[in-house]
Amino acid sequence: AQSVAQPEDQVNVAEGNPLTVKCTYSVSGNPYLFWYVQYPNRGLQFLLKYITGDNLVKGSYGFEAEFNKSQTSFHLKKPSALVSDSALYFCAVRDEEEADKLIFGTGTRLQVFP
Amino acid sequence: DTAVSQTPKYLVTQMGNDKSIKCEQNLGHDTMYWYKQDSKKFLKIMFSYNNKELIINETVPNRFSPKSPDKAHLNLHINSLELGDSAVYFCASSDYRQGGITDTQYFGPGTRLTVL
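For the record, the sequence lines run as chains G and A. Be aware that the first sequence starts at 50, since it is given in this note's numbering, and climbs by one per residue. Be aware that the second sequence starts at 6, since it is given in this note's numbering, and climbs by one per residue.
Any given hint might turn out to be false.
What the hints assert, rightly or not - Residues from chain G that face chain A, not an exhaustive set, calculated with beta carbons under 8 Å:
#1 81
#2 91
#3 92
#4 93
#5 95
#6 98
#7 100
#8 139
#9 150
#10 151
#11 153
#12 155
#13 156
Note that these hints are calculated values from the structure, not bench results. Even glycine gets a Cβ: it sits at the ideal position worked out from N, Cα and C.
Please take these sequences and the hints and turn them into a complete structure.
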């Protein structure tokens, strides 16, 4: 069965510093990986996804994620954090065996301090 | 111009009542979903419909019944509400026909249900 783990409940970073939000996955077949962001009292907004091709995927708001097959990871990154990036971030995965289901991680709260 | 909309945004009700949450998407997508987000922010799929046909039904009590009158709408009806039903419910849609496994799901703003 597919699963995804976000090992950090919270990540704190100073504004202007690079940020990384970690995600690891487990699937039977090829993984299809997604990142979503949830601002307070809002729905989830799609940031980016990895399907195939380049391991570095660029998405919205300056975010990018690096797919690493050997480490089964898909960490979200941004070179310079903004206070407005503070939100809850979810990693999600699908695989070919259970293609109907998008499985979400438990979320990581990103706090960017001025 | 809202892509995925839900009504109501907040719903407060007594145990034992029956309530409905409505969802509409104007993206022309063929698949719609309901997710439940609990108090710890854990997000789990409940149902998905493709062209009005039920595709996923995840071990959800049969007090929950989705209804899809057309492919732009997926409503969630809940009978005999219980305290544990308190959560935020998100509707989502995607174009599974176009993207298949790679399709992106787009989420509504959520409905916060509080059962007293």
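Just pull the numbers of the violated hints for me, sorted ascending. none
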